[in-house]
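Below are the chains, spelled out letter by letter.
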Amino acid sequence: MKEIYLDNAATTRVCEEAVSIMEQVMREDFGNPSSLHRKGFVADTYVREAKKQIAKSLKCEEKEIILTSGGTEANNLALFGGAYAKKRSGNHIISTSVEHASVYNPLIFLEEQGFEVTYLSVDANGRISLEELKNSLRKDTILVSIMAVNNEIGAVEPIAEAAKLVHDFNANILFHVDAIQSYGKLPIAPGKLGIDLLSVSGHKLHGPKGSGFLYKRDKVRIIPEILGGGQQNNMRSGTENVPAIAGLGEAVRVYFQNQKQYMEQMYACKEAFLRRLADMPFAHPNAVFSELSDTHSLSERVRMTAPHVLCVSFDSISKSEVLLHSLEEYGIYVSSGSACSSNHPAISGTLKAIGLPDCYLGSTIRFSFCPETTLSEIEETCDRLSEIVPKLQKYTVK
Amino acid sequence: MEYKSFLVKYAEIGLKGKNRSYFEDCLVNQIRQNLSMLGEYKVTKEQGRIYVDCPEGYDYDDTVDCLSKIFGIVGFMPVMEIPTTDWDAICKLAVDFVEQSFAEKNFTFKMFCKRGDKNYPMTSPEIACELGGVLLEHFPGLSVDVHNPDKSITVEVRSHAYIYSDGYKGIGGMPVGCNGKAMLLLSGGIDSPVAGYMIAKRGVAIDATYFDAPPYTNERARQKVIDLAKQISKYVGPIKLNIINFTEIQMYIYETCPHEELTILMRRYMMRIAEEIANRSNCLALITGESLGQVASQTMQSLNCTNAVCKMPVYRPLIGFDKSEIVEISQRIGTFETSILPYEDCCTIYVAKHPVTKPILHIIEHSETLLAEKIDDMVARAIDERTIMRIKPE
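Those sequence lines, one after another, are chains A and B. At position 272 of the first sequence (counting the first as 1) the number is 272 in our numbering, and the numbers step up by one without a gap. Count along the second sequence from 1, then add 1000; that gives the number in our numbering.
Just so you know, these hints were derived from the structure itself, not from any lab. These numbers come from a predicted model, not from an experiment. Treat each hint with caution, since some may be false.
As the list claims (entries may be wrong) - Here are the simulated DSS-like pairs of lysine-lysine, each with C-alpha atoms no more than 25 Å apart in a straight line: (1) Lys-1374(B) <-> Lys-394(A); (2) Lys-319(A) <-> Lys-1353(B); (3) Lys-1311(B) <-> Lys-1201(B); (4) Lys-394(A) <-> Lys-1234(B); (5) Lys-139(A) <-> Lys-219(A); (6) Lys-219(A) <-> Lys-164(A); (7) Lys-260(A) <-> Lys-192(A); (8) Lys-1114(B) <-> Lys-1004(B); (9) Lys-1009(B) <-> Lys-1042(B); (10) Lys-1181(B) <-> Lys-1230(B); (11) Lys-39(A) <-> Lys-63(A); (12) Lys-1230(B) <-> Lys-1311(B); (13) Lys-1353(B) <-> Lys-391(A); (14) Lys-391(A) <-> Lys-1374(B); (15) Lys-1358(B) <-> Lys-1311(B).
Could you build all of it, start to finish, from the sequences and the hints given here?
In structure tokens, the structure reads:
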């Protein structure tokens, strides 16, 4: 059976270029980059090459890249490292109510340690209000953390405006961006925007799992979390994961070579998907600015969101997991939206935060694309949806 | 010096009159089979005891763990052995044994002796008495208590000399397979693996049936059941696991019958299917994890309705147990952690808001007549197209 993989926001296939360089590193160039001999020097060139590719993609300098084990570590390093470095200036942090667990769990921990956190609300399209951000800034605010693209609904946050607003208020506030779902998908240049810290994961753009990095603007001081041999200028000790780093470098090189084209390809998929959904009365796409349909074309509205994530709620499906497994029977892999019953503003979940009615919390599916996704795959998925959903609705407990 | 062998004690099967040697052979086979995964052990039966000789370089902890999971063993003790009956050597053996076997040398003990070699120049009581003296002299913390000792230490003098103490408690029961085979209805829950364990403990080999309901249940739920089967197979031996795709039948019942009767009707078809497979694989009973009153489908009325479809006896070893008692056993046998993984099984989907708790048999039977058109074909297909997995302990 042909597989249609539409769960690219969870993870992606590792690109061939990354696989082959990783194989080379593991088989032949396996040295420790800190070793003084040739083997070590060769290993180090892979690390430097990867940093070069990353720096190019962000239009930043190589020394501003801290390689990590992935997005979660990058977020943890940014939040803990940032909060503790700034502790003397204050203890107020601002974030949003739609962050990923790797941001909100560190924030909850920081709350327990005495920091105060304000969680910004979002509108039906998942976007924060700059007005609310402005009103939330205080004299003792030390850190603002806002994701660039939401992982569940694909909302794009106004990062550039937010960064400017924060730094106009106080240039010393650290501005962190969780760019795990946005890196590669949408252009971003942290230096130009005044972003201090920016987290990225490698496996979301065809790099290997266990790879990622934190961009840290030069001169910004944070406290390292992992202490040891002093690798990476003491910011992240531990022998560099050279195979993963080399793979990440290759994935970044390939992705950014084609970035514009990839982005357009995914936007085209999302648009085609939405056109088909318009003919399915039981399907309700979320966070696609439907209320602007009188004044904006679908194509314009889609481009106000991330190209690769599409979140759809379905009528009378008791559980999104059942729909997920039904699609799986046809080789189509998707993800179910998560619903959480907690009342904590940070962990009640994106779907609740955008005001999705309770009846849809458990019947929402996320489709996420990659540059390899084809329009015919989208067509086939929609064919299956229009066939499966009415069938499942028959068996829903009312 | 290391332990080279274990002495295995069994009680219940020793009482079985003329069948005794059959039960003993079952136990010997069971021990051989289970230990064969660890290496080449020699298992022999001799004068109402079973000896396990360990191979060179065997793993002591793994061996103990393995023996402690074999039904039919009441206790087993690691044995030290010397290839001579020279008195000085025996004295040294006793000292070495105490030195190595007990961390704290401050207990009371009683010395026993069994003398196979009747030509030995000392009698059994003399040997016990003398050796006790040697130990007292060597370990000042020890003292003798012949009425209520902390430990008993036994020396056997045959062609070689052997020494052992109380050793480990076994799990009791009877060797698996000596009592035939039964079919366990295995779900992903806490109860059914425990039920299977309890019946296996009475010497019964186990086959199992699991009802899968894709896409309403997922591969992890199925894997969970396989993992549970693997865990209990450490005790009950290899299990033939039948996986039934139950979705079609479930949907058909859902479409056709009153929703509040769904669970009870489903369970009646599960019992029918399990019984049919049980017949085909020479099982003589069904086993379920039902416990009276635990849920709507386990009230007396409900059990009456589900039981009515079976000709075969249905063993419900947990019928009088509280949940906490069941949980305790599942923790002991290592199934609890897996059982509580949060994956749906086919019983928890489409549960009616208010299922009948006191179903009446003739009403349920009437509801089933509504299914007459297709149900037999569906059941036959579900049985024919079942997946069979052979689960072995790892």
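Now the hints, each set against the structure:
1. The suggested pairing of Lys-1374(B) with Lys-394(A) holds, with an alpha-carbon distance near 19 Å, which does not exceed 25 Å.
2. The hinted pair formed by Lys-319(A) and Lys-1353(B) meets the criterion: a straight-line CA distance of about 16 Å does not exceed 25 Å.
3. Simply put, Lys-1311(B) and Lys-1201(B) have alpha-carbon atoms about 24 Å apart, close enough for the 25 Å limit, and the pair holds.
4. Simply put, Lys-394(A) and Lys-1234(B) have alpha-carbon atoms about 43 Å apart, too far for the 25 Å limit, and the pair is violated.
5. Straight-line distance between C-alpha atoms of Lys-139(A) and Lys-219(A) comes to about 22 Å, which keeps the hinted pair within the 25 Å bound.
6. For the hint linking Lys-219(A) to Lys-164(A), the alpha-carbon distance of about 18 Å falls within 25 Å, and the restraint holds.
7. Taking the CA atoms of Lys-260(A) and Lys-192(A), the gap is about 19 Å. The hint holds against a cut of 25 Å.
8. Restraint check for Lys-1114(B) and Lys-1004(B): the C-alpha separation of about 19 Å stays at or below 25 Å, so the hint holds.
9. Between Lys-1009(B) and Lys-1042(B) the CA atoms are separated by roughly 16 Å; this keeps the pair inside 25 Å, and the hint holds.
10. Taking the CA atoms of Lys-1181(B) and Lys-1230(B), the gap is about 17 Å. The hint holds against a cut of 25 Å.
11. A distance of roughly 23 Å separates the Cα atoms of Lys-39(A) and Lys-63(A); the hinted pair therefore holds under the 25 Å criterion.
12. With a C-alpha separation of about 29 Å, the suggested pair Lys-1230(B) and Lys-1311(B) falls outside the 25 Å cut-off, and the hint is violated.
13. A C-alpha spacing of about 22 Å is found between Lys-1353(B) and Lys-391(A), which places the hinted pair at or below 25 Å, so the restraint holds.
14. Distance hint between Lys-391(A) and Lys-1374(B) is fulfilled; the C-alpha atoms sit about 19 Å from each other, no more than 25 Å.
15. For a cut-off of 25 Å, the pair hint linking Lys-1358(B) to Lys-1311(B) stands: about 22 Å separates their Cα positions.
Hints 4, 12 from the earlier list are contradicted by this structure; the remaining hints agree with it.
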